[in-house]
Every structure is written in C-alpha cells, then in structure tokens.
Amino acid sequence: MRKRVIAAAALAATISLVAAGCSSNGSSSSASGSTITYWASNQGTSLDNDKQVLTPVLDDFTKQTGVKVKLEVIGWNDLQTRIQTAVTSGQGPDVLNIGNTWAASLQATGAFLPFGDSEMKAIGGSDKFVKTALDTGGAAGKTPTSVPLYGLAYGLYYNKKMFSDAGVQPPTNWEELVTDAKKLTTGSQYGFSLAAGSYTENAHFAFINSAQNGGEWFDGKGNPTFTSQANIDGIKRYLDLMQTDKVVNTSNAQYDNGVQAVNDFATGKVAMILSQNNADSSINANGMKSDAYGVVPFPSPEGGKPVASHVAGINLSIFKNTKNKDAALEFVKYMTSESVQSTLGKPYATLPVLNGAKPNFTDNADEAATFQKIYNEMSKPLPLVPAEDQFENTVGKAMNDMFAKIATGGTVSDSDIKSALQTAQDQVKQSIGG
Amino acid sequence: MSTTTDVRGPAAAQKPAPAPPAPRRKRPKGWWLPFLLLAPAVVFELLIHVVPMLTGIWISFLQLTKFFIANWSEAPFVGLKNYQVALDFNGSVGAGLLQSFFVTVGFTILVVGLSWVLGMAAAVALQGRFRGRALFRTLFLVPYALPLYAGIITWKFMFQKDTGAINHFLYDNLGLPGDKPFWLIGPNAFWAIVIVAIWRLWPFAFLMLMAGLQSISSEVYEASAVDGAKPFRQWRSITLPMLRPVNSVLLLVMFLWTFNDFNTPYVLFGSTAQPAAGDLISFHIYNASFLTWNFGSGAAMSVLLLLFLLVVTGIYLIAVNRRNRDA
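Residue numbers (the numbering used here), protein chains in the order written: chain R, 1 to 434; chain H, 1 to 327.
Hints in this document: simulated from the structure, not taken from any laboratory. Be a bit skeptical, because a hint or two may be false.
What the hints assert, rightly or not - A few chain H positions that, by computed beta-carbon distances, are all more than 12 Å from chain R:
{"id": "1", "residue": "Lys66"}
{"id": "2", "residue": "Val85"}
{"id": "3", "residue": "Gly91"}
{"id": "4", "residue": "Arg137"}
{"id": "5", "residue": "Leu146"}
{"id": "6", "residue": "Leu148"}
{"id": "7", "residue": "Pro177"}
{"id": "8", "residue": "Ala211"}
{"id": "9", "residue": "Trp235"}
{"id": "10", "residue": "Leu243"}
{"id": "11", "residue": "Asn247"}
Stated by the list, open to error - Quick look at which bits of chain H chain R covers, simulated, 3 or more residues with Cβ under 8 Å:
{"id": "12", "stretch": "92 to 104"}
{"id": "13", "stretch": "159 to 173"}
{"id": "14", "stretch": "217 to 225"}
{"id": "15", "stretch": "288 to 294"}
Backbone N, C-alpha and C define an ideal beta-carbon position, used for all residues, glycine too.
In isolation and in its complexed conformation, chain H is listed as follows (with noise of 0.2 Å):
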C-alpha cells in the first residue's frame, strides 16, 4: 500500500497537466485530526452505552438465573419465553409489571406537569429586573445542585413517621387532628415519590425556560402592552408560543427522565420495602431482577421499557414536527 503512493506522489507532481483528479485524492493536511478526536468518544460510546444495551438485549432471550449467573455462556436459549411472561397479565408477574407501568404513568404526568408549572411560574416571575433576582434564581437551582442522594435522603428523614419533620410539623406545629401518618409505606408513598420527584425535577425546567425566556426581546412585551395586553395575554399570546422549541425538547427530556426514575424510589424506600403504591417501574424490573437472581425476566421487562418509550418519543416527536410544519 505504501509502496503506490510512493510512486503516485511524485509522479502526480512531475505532470501537473492531468491535474483535476489529483487535489480529489491528496487530502488536506491533518485531515484525520477530527477523527482522532472522535475516536475516544466513538470508543466510549461503544462500551458504556451500545454494547451494555446489546447486551440486554441478548440476555432477555436467556434464561439466566443463578444456575448460570457465574458462567453466562451456559445459560439456555429460551426464545420469548421472558417477553411472554411479562406480558402474560394474567399471571401474577405480568400484572405486577402492568401495575407498575401503571403507577409509573399516573406519577409521570403529575410530575413533569407540576414541574413544568413551577417552573414556568418561577421562570417569568424571574424574568423582570428586581433587586434580589440572582439570589432568588441560585436559591430555585439548589435541589437541582444538591447530590441526588444527600437530597432523598434527607426527604427520607423527613417522611418518618414518628421523628420526621413533616408529621412534625403538620401535627405537633400546626395541629391538624388525627394519628400521624405512614408517608414512605402504604399508599401516601406515591404521594412521598412524587413531592420528592418533583422537587429533584422542577429547577431543571425552570433553568430550561429561564434561558427561553433571554432570547424573547423585551420589545415585543412593550408592543403588546402599547396594545393593552395584560400580563397573562402577554404570557399566552407571546411567552408560550416563543417557547415553544424549548418547550418540545424540555417535556421530552423530563418525560423520559422521570419515567426511568430509578434513584428516587431506591433512595427513598431503600432496597427492603417497595411499597405498591410507589413501585415505579425501573425500580419494580430491578426488584424482579434481584429479588429471584432472574436477570432474563429483567432484561426482557427492560427491554419493553425501551419499546415503549420509543414509541412514545417517536409519536411525540412526529405530532411536535407536523404542529411545527403546519404552523
């Protein structure tokens, strides 16, 4: 190989009348630079994110309980057998998953949609200049600072029935009648997940729709208010369309992040109790998985998951770029 080029080069600079295919075939000095420098990235990639996922893949159709868990290669090929089980609703497995895809839906929109008001509310209110303004918005972006499991944790504490904070204050400081309640077992749980949820969630939306809002100038606002639009028609009618593009990245984003929520439920219940009405479905397929050593039967959950949220990305993503053309 190198042999020809020794040849070609000088040949080509001997007879420069031939010339047009020549400057095709010599590449620009340091052409391969840019693929150097991908390189790491491209490797990376490859170990941390496609070959894992293949990897899920190729186990969901493996029977691989703790008979092989040692040595993978000797566990059984079983087809769909896994995705039959997990579908299978009628069986206690399947109506586990189906429950908890279930919880997992009714938690999904509550928090992205209360993040996503929280965010817009303290966003806009933050967007006039006011004395205190910095203050406020590096005070909005703590729990989003916070490390995730110094933060659930602490609602961990605050959630306990007898010593934490919450009862406490609800009945001890304010009074409220009847017996404390249960917040991290039994069915308050959805509501201890989703508050927690919520609070991790929130300044994220709000740094998203924060930096929006930059890019809308302020001539607009003054038009409109020349026009006698009030603060809530300069909100509808300029904000929210304005937004939009950030609007359709940041629900997706949040979307799939809180679907997958996995720390939240493992930080918050620990690894002994799942309370039903907080078996969020990453933490119900990591339950299935290591309650009985039967990684096959995760995978394969984990790969419906997968399914699922592609879809839903897929169709989402469609509906935003029809809206966008017809608009």
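If we strip away everything but chain R, and leave its shape as in the complex, we get (with noise of 0.2 Å):
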C-alpha cells in the first residue's frame, strides 16, 4: 500500500510536472513587462524592407520610452489567419496592425480593447484624427477597437510614355478605359494587370464595381445581400477585363499580392494598373520615376456613380488581454504621432490620417492631390458590419477561382457569378447563425 503511495505521488508528480511545463509556457510572454510585441503588415517592397523602415522607428521608441518592442511583419495572405488564431488562443501581440476594412468583424469578437475616453486620452484623443479615417475603427455607435495608422486609397496608375505612344488619353469613364487598354495591349504588352489571384485585391473591386453600379453587399442588418443584379454585373465587368476583353495577360491569375501586379508596371509590361497609393514605394524601387507615370480616378461605366475606392488603409488595434496595456497605448501615441506619421509616410507612401497634415509620399503634386480627392470625396468605406470579413474572405476567394476558371480556357457567365455569389453568401449566413 505504501508502495502504491508512493507510485500515485510520482503520477502526481509527473503530471504536475507536465502542467507546470505548459503553464511555465504559457506565462513567460508577460513575464517580461517592459517588452511588447508588434505585428506589422506588410506596407513595404518586402517583409524585409518593412524591418528596415520600421526597426529604427521602433529603437526610437525604447530610446524615449525605455519600452522594447518585439516586431513581426506579417504577410497579407496569412495576417488575418494569424489574427484568427491569436484570438482563438488568446496569445497574441499586444499591438497589431489589422487592415481597416476588418476593424468591425474584430471588433465583434471581443478580443480586442475599446478605445474609450480614458484610451483615447492616453493615445492623444480622438481629435487629431481625419474622421473618415476614425470612422473605420469599428462598427458605428459602438466605442472602436481600432485606430487609423496609414490612410490608403485606389487609383489608376498609367504609363504615360505608353500612353501618348498610342494616342491615347487618360479614361474618364469604364468604356474609355477598356479601348485604350485594348489599343495598349500588343503582342509584348498588356493594357492591364491585375492581382487577379489575391482575395483581398479582388474582393475590394467586387466592392468597388458593384458600388459603382449602386450596389450593396449587406442589408441594415448585417445579412449578406450578394446575390443582387448589382453585385454580379460589377464582378462579370472587372471578370471581363480578362476575359471578353482580354488586356489582361491570364498569368496574372496566379498573382497573389498587388506587389506583383504593381512590378509588371514599372518594368514596362503594362500600361495601367489599380493600386493604392503605396504601390509608389515598389515602383521608385524598380527605378520608375514619379514623372513616368500618372494617376486618375478608377473610373465608373458612363453613368454610375463616381466611387473609386473604398476607404483604405491601416489601424492600430490593442489585445484586450493585453499585459502591457499602458506600454501598449504609449505605443499607439507614439505611431500615431506627428514625427512618426511623417518618418513613415515617405517610405509607405501613405496618405496621412491625422488633421491638417500633408500627404508627403511623393514629389509629384498632382498625383498626391489626386489620390486626396479620391480619399475624401470619391471612396466609399465598405460595411462597418461583423460580417465584413468573411465577405473578403468568400467573395474574395470566389474570384479568385473565376478567374482560374477564366485563366484556364474556361467561361464565367451570369449565373456561374450568380452561383458563385450563393455559396458565399449561404456560408456567411450560416456562420452569423442565419
């Protein structure tokens, strides 16, 4: 009996043991209080250009604050998985950049801490922010759990070698921009291309062209609308870019980042692309001057509406579970600080999200009013609505496939859209508990 003592207490033992092994784990991120991580997206040429811009940046920071920060630079492809998981888990950064559009399905999860009155002080208050830029920081009436960082917008880039090669002007309106992209595409060079292989890229134009044709993807309450006339006949007119009026080169359809499209830009195998401004930073990189090209409004089909953009750009959010929390809003003052904002703008080409200041990302006057005009009078923000996410992700990942399909010989009709449109919209329906 003794012995059977001694053997359950060296069970216990080890069991303890092992308990004690997982929760030494589990711990050892807080253990350090004068350390915060940080993940940051992907804004630069490279994840490693994004350390190079943000590392002295960030050793400014612990110089003035003696706070050091752990930085991370996330991929657009896999940050919203990994913010996925570190909500699961409940072990993640403490600060962390989150694309704007996602702010109110984050912000439905709980997962990440209100700026409330006594944040927002901490971090400066909400004063100093553009409001358009503010409004995206979560759904509305609500106190947001994200704050703008770098404000983004779409434009239409163009070659304007190319352009005044073949006589063409700058497109106005959609019918514009397709003959001169059928006149710019000869046998070495396509009038366009797309990231026709990225959900998030593709997702933003089903956005962006429905709205144009005065479509909606979620009715007042938040269930997905996808299925309208509007919606179908906007993805079948960016589809068709490709497909009927092929100024697309198919290969395009296994781009899997905007950074792509935007390298066939400046090395001169495309006259236009749709980027937002911070594709500047990789075409400066590919040695294409900012005199070289020219930017206009994404434009609408004669007669629609006059939306080139949603509103883009990049926040700021704080992990409510958090064990840094005052290290971490110090953090978000000083990223949302003028110095900063003004360091970062160049090298992100970003425009700026705070009052009164300048977009500063390039020398090229027009271009930066342009994409100022596009941000404040021509974007619209997509859906401020829980749901918002899993539309990019299902919509988004549907054109993908289109447009393999379409890469590959295939057709895409109305109904295949339509179809399409369904199964995304019945898989969102169903993870909101429709």
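Both chains are sitting in their own frames, so use the hints and assemble them into the complex.
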C-alpha cells in the first residue's frame, strides 16, 4: 500500500511537472513587462524592407520610453489567419496592424481593447485623427477597437509614355478605359495587370465595381445580400478585363499579391494598374521615376456612381488581454504621432490620417492631390458590419476561382457568378447564425 | 492506510503457516516501475490526442463563430445543426463538402495505387544483389527524408506556368505544341497534387515492401526456379502471398495518410487559392472553418470525416482478417 501511495505520488508529480511545463510556457510572454510585441502588416516592397523601415522608428520609441518592441512583419495572405489564431488561443501580440476593413469584424470577437475616453486620451485624443479615417475604427455607434495608422486609396496608375505613344488619353469612364486598354495591348505588352489571385484585392474590386452600380453587399441588419444584379454586373465587368476584353495576361490569375502587378507596371510590361497609393514605393524601387506615370481616379461606367475606391488603410489595435496595456497605449500614441506619421509617410507612401497633415509620399503634386481627392470625396467605406471580413474571404476567393477558370480556358457567365455568390452568401449566413 | 500495512507486514512474517494468500498480496519489488514509465506516455496521449479529439467533438455541437471565439464557453449549443448543414447536399455547404469528398476519393485511389506499384517495382528490382544497390536504395528514399515543406515548395516553383521547370522542360526543351498550361489553378491542379503526393508517398511503400522482402527466404525462389517458374510467376505466386501481412497494413496506413492529407494541398496551393480540382477534404474543412470563422461547422465536418475513416478501416480490417482465417 505504501508503495502504491508512492506510485500515486510519482504519477501526480509527473502530471504536475507536465502541467507546470505548460503553464510556464504560457506565462512567459507576460514575464518581461517592458517588452511589447508588434505585428506589422506588409506595407513596403517586401517583408524585409518593412523591417528595415520600422526598426529605427521602433528603436527611437525604446530610447524615449524604455519599452522594447518585438517586431514581426506579416504578409497579407497570412495576416488574417494569424489574427484568428491569436484570438482563438488568446496568445497574441500586444499591438497589431489590421486592414481597416476588418475593424468591425474583429471588434465583434471581443478580443480587442476598446478605445474608450481614457484610452483615447492616452493616445492623444480622437480629435487628432481625420474623421473619415477614424470612422473605420469599428461599427457605427460602438466604441472603436482600432485607430487609423495609414490612409490609403485606390487609383488608376498609367504609364505616360505608353499612353502618348498610343495616342490615348487617361480614361474618364469605364468604356474609355477598355478602349484604351485594348489599344495598349500588343504582342508583348498588356493594357492592364490585376492581382487576380489575391482575394483581398478581388474583394475590394467586387465592392468598388458594384458600388459604381449602386449595389450593396449587406442590408441594414448586417445580413448578406450578395446575389443582387448590381453585384453580379460589377464582378462581371471586372472579370471581363481578362475574359472578353483580353487586356490582362492570363498569368495574372496566379498573382496572389498586389506587388506582382505593380512590378509588371514598373518594368513596362503593362500600361495600367489599379493600386493603392502605397504602390509608389514598389514602383520607385523598380527604378520608375514619379514623373513617368500619372494617376487618375478609377473610372465608373457612363452614368454610374463616381466611386473610385473604398476607404482603405491600416488601423492599429491592442489585444484586450495584453499584460502591458500602458506600454501598448504609449506605443499607439507614438505610432500615430505627427513625427512618426511623417517619417513613415514617405517610405510607405501613405495618406495622412492626422488632421492638417499633408501627404508627403510623392514629389508629384498632381498625384498627391488626386489621391487626396479620391480619399476624401470618391471613397465609400466597406460595410462596417461583423461579417465584413467574411465577405472579403468568401467573395474574394470565389473571384480567385473565377479568374482561374477564365485563365485556364473556361468561361464565367452571369449565372456562374450568381451561383458562386449564392454559395458565399450561404457560408456567411451560416456563420452569423442565419 | 499506511497503519494497516504496517501491522499486517510483521504479522505475516511471524506466522508462516497460512502463507498462501500472503504472496498474492505482496507485490514484487519495483512493480510500480512499468506504471511510472508508462505514465508520461499516458499523460501526453491524453493531452495530445484524446482531449483535443473530445474537444473537437464537443465543438461540433456548438455554434462556435467569431462572436464567441474569444470566450468559447458562451457559444450556444445547437445540437445536430452543424451536421445537418454539412450533410444537406442540396445546400451549397453540403454540396461543396460532397464534391471535395469525391475529389479526395479519386486522389486517394490514384496516389495509394500508384505509390504501391512504384514501391513494389523498386523493391523487387533492388531485391537481388548488385553493385550500387545501396546507392539506389538511398536515392529512392530521398523524398521521404526531405522536409515536407521544402519538397513541396520546390514542386510549387516547378509547377509555375511561365517560370516553372516543368513547363520549361515540356514546352521549351521538348517542344510540345500549344500554350504552356497552368498547373496550380484550374483542372490540372488535380494532376499536380497527385504527382506531388505520389512523389512523397512511394518511398514509404518502397521501404516497407523492401523490409518485407528480406524475410522471404531465397530458397523458395531457387526451388521455384528449378520448377521452371519465370520471374513474373515467382512474383505472383511467392512474393505477393508472402507479403500479404505487410501489404494489408501498408495499404491501410497509406490510405489513411492520403485521405487525410493536409500539408500537400496547403503548401502547394497556398492559403489563398484552393482550385476545385485539388480541393482535398482536410484542406476543404480547414478553409470552411477559417473562411467564415465557423469552427463549429468545421468541427462537424471533421467528425464526419473521422467516422467515415473509422467505418472504412473497420470494414477493411474485418475483410482482411476473414481472408486470413479462410486462407
């Protein structure tokens, strides 16, 4: 019997050892009080480039406050999954970048710190932010769980020399855009390049093209209304650039991030791209000077609504269960300060999110003015509903598949689009308990 | 408890007469050692296998969506609703699952079948002694020894349409007519993933069959050769029957691994695209969960997959055992 007791004790000791091993692993992140973890999204020309740009900025923060920052840069294709995993496990960074379109969705998880009055005060007050940008922080009427960091908008970039050689003018409506693109598509060169394998880009253009038709993706209650004709027409118009107009190389169906399309543009393989203003950093990195290209708003069809972009951008969020709340708030304050904003505005080619700040990402005054105009007057926010990220996921990936079908010789008809949207809508409905 | 032991111990020692029950109570010295040695394994088995599996089954009855993901305990219990949706083949979610199931069945049959054929051919070819046999054996095992991700990512590069080695070889070097095809999107994605999975799996079949062949005495072959049996006849009448125990386990293990394969599609297609033609079921379930944060639904699909694999395994084992008994 005594031996049995000993054995039981040994077993208990083993279990507690194992358990202790687990728990000590779990708490190690909190042990170092003066270090915060920061997940940055990919804004520069590569993940490495991001590290180079951010490291001196973060070092300055450490010098000023004594708080060390552990940086991890995460690509766009992984960021959302990484955030989901962090929310699920409760093991996340202290501060992180989110695509501002996910703000309402991530807010719904309850895993992020609401910026109430005291938190807002700690980061310098809500007044310092541009209202359009701040409004993306969460669902209307709720305390935002993110604040704007970088402002972005889509523009239509065109190669000036190719346009003048072909004798065409920058398009002012969709029909002109297609005509121009056809003229600019020759044997070795295409009129257009699209990130047709990137679900985020595809979802954005599903939204923008449909918005030009007056379409909506959610009703007032946040339920999906994906299958409307305006949405189908919007997607079809975008797909047809590759399918019927043939102004896009079918290889683009495998472009799973925007930078690949931007590189095609910067190296003179295509005459036009649709990109957010942060493309400037990649274009310049490829040796194309800022006076070699122009930017106009992405045109809508004749008679359509003048929506050229969604209110794009990157927001900062703090994980609710952070053990370093004060340090995290301090860091958010620092990142949204005027000096850091102007430091990062150039390498990342972003629009300012602070009141009174001027865009400094380009020497080209026309380009800066165009983007500022698009951001302020021609942008429509993506629906600020909890299921927004599911719209991006399901519709964006459905469009990846449609582009893949077109690229491999198939055709995508209105009814194909409708059934794909129906599938996406069913998935979203099921997940919000519909 | 300890006092009773103390009393009984000396009492038994003083009176040796009624000895018979005493030795049964007295445990041999160190009896607890095996239990102690097993304990870590049991604990980790529970932690790593049993607890997550039960958690998964439990989740499948919950509406575990993003609204509850930060606090699981608040997720509402929905009974069999997740299963109903997954099995409603007229609905789009169920139809997607069924389509993925059929793709996976075709994929599994091809991959397991061809891997076995290749493994068998190589094992038989390397059965006889010749110079350089060790070299070939090592060479054939390379795909099995390579880190999974490194191997599959290399395939991913080779399958690129414009810059990949495969199209370059087929169209630029061999001069096949026509345009270079896409391999990783569209219908060809199925063949791409079958090729990669076979490349990955066949060395395992080779290794197992090679080990099995070692146990067949060469005398049996010599005797049959005297009777005039040609190599194919020898293979059919000696090798195959003698390898039956190896084969029955090998096929089952390869089936389970292949049907469940997640890494190959995940690395080959990336997390952004899942071509319908290469939509294997584990990957499909992963995407169904993560696209919409609907982990209850994903868990229900996983449980269905588990049940299916259990049923197939059960039927297979019964069939194999019966044949063994009959034989």
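Here's how the hints hold up against the structure:
1. Lys66: 5 Å, violated
2. Val85: The claim is violated: H:Val85 sits with its nearest Cβ about 6 Å from chain R, within 12 Å.
3. Gly91: The assertion about H:Gly91 is violated, with a minimum of 6 Å to chain R.
4. Arg137: 38 Å, holds
5. Leu146: 24 Å, holds
6. Leu148: 18 Å, holds
7. Pro177: Since the minimum Cβ distance to chain R is about 16 Å, H:Pro177 lies beyond 12 Å and the statement holds.
8. Ala211: Since the minimum Cβ distance to chain R is about 35 Å, H:Ala211 lies beyond 12 Å and the statement holds.
9. Trp235: H:Trp235 clear of chain R: closest Cβ-Cβ about 42 Å, beyond 12 Å.
10. Leu243: 41 Å, holds
11. Asn247: Since the minimum Cβ distance to chain R is about 38 Å, H:Asn247 lies beyond 12 Å and the statement holds.
12. 92 to 104: Check passed, 3 qualifying residues.
13. 159 to 173: holds (count 3)
14. 217 to 225: It is violated, with 0 qualifying residues against the three required.
15. 288 to 294: With 6 residues in contact (Cβ-Cβ under 8 Å with chain R), the coverage given for the stretch 288 to 294 of chain H holds.
Violated hints, listed in ascending order, are 1, 2, 3, 14; each of the other numbered hints is respected by the structure.
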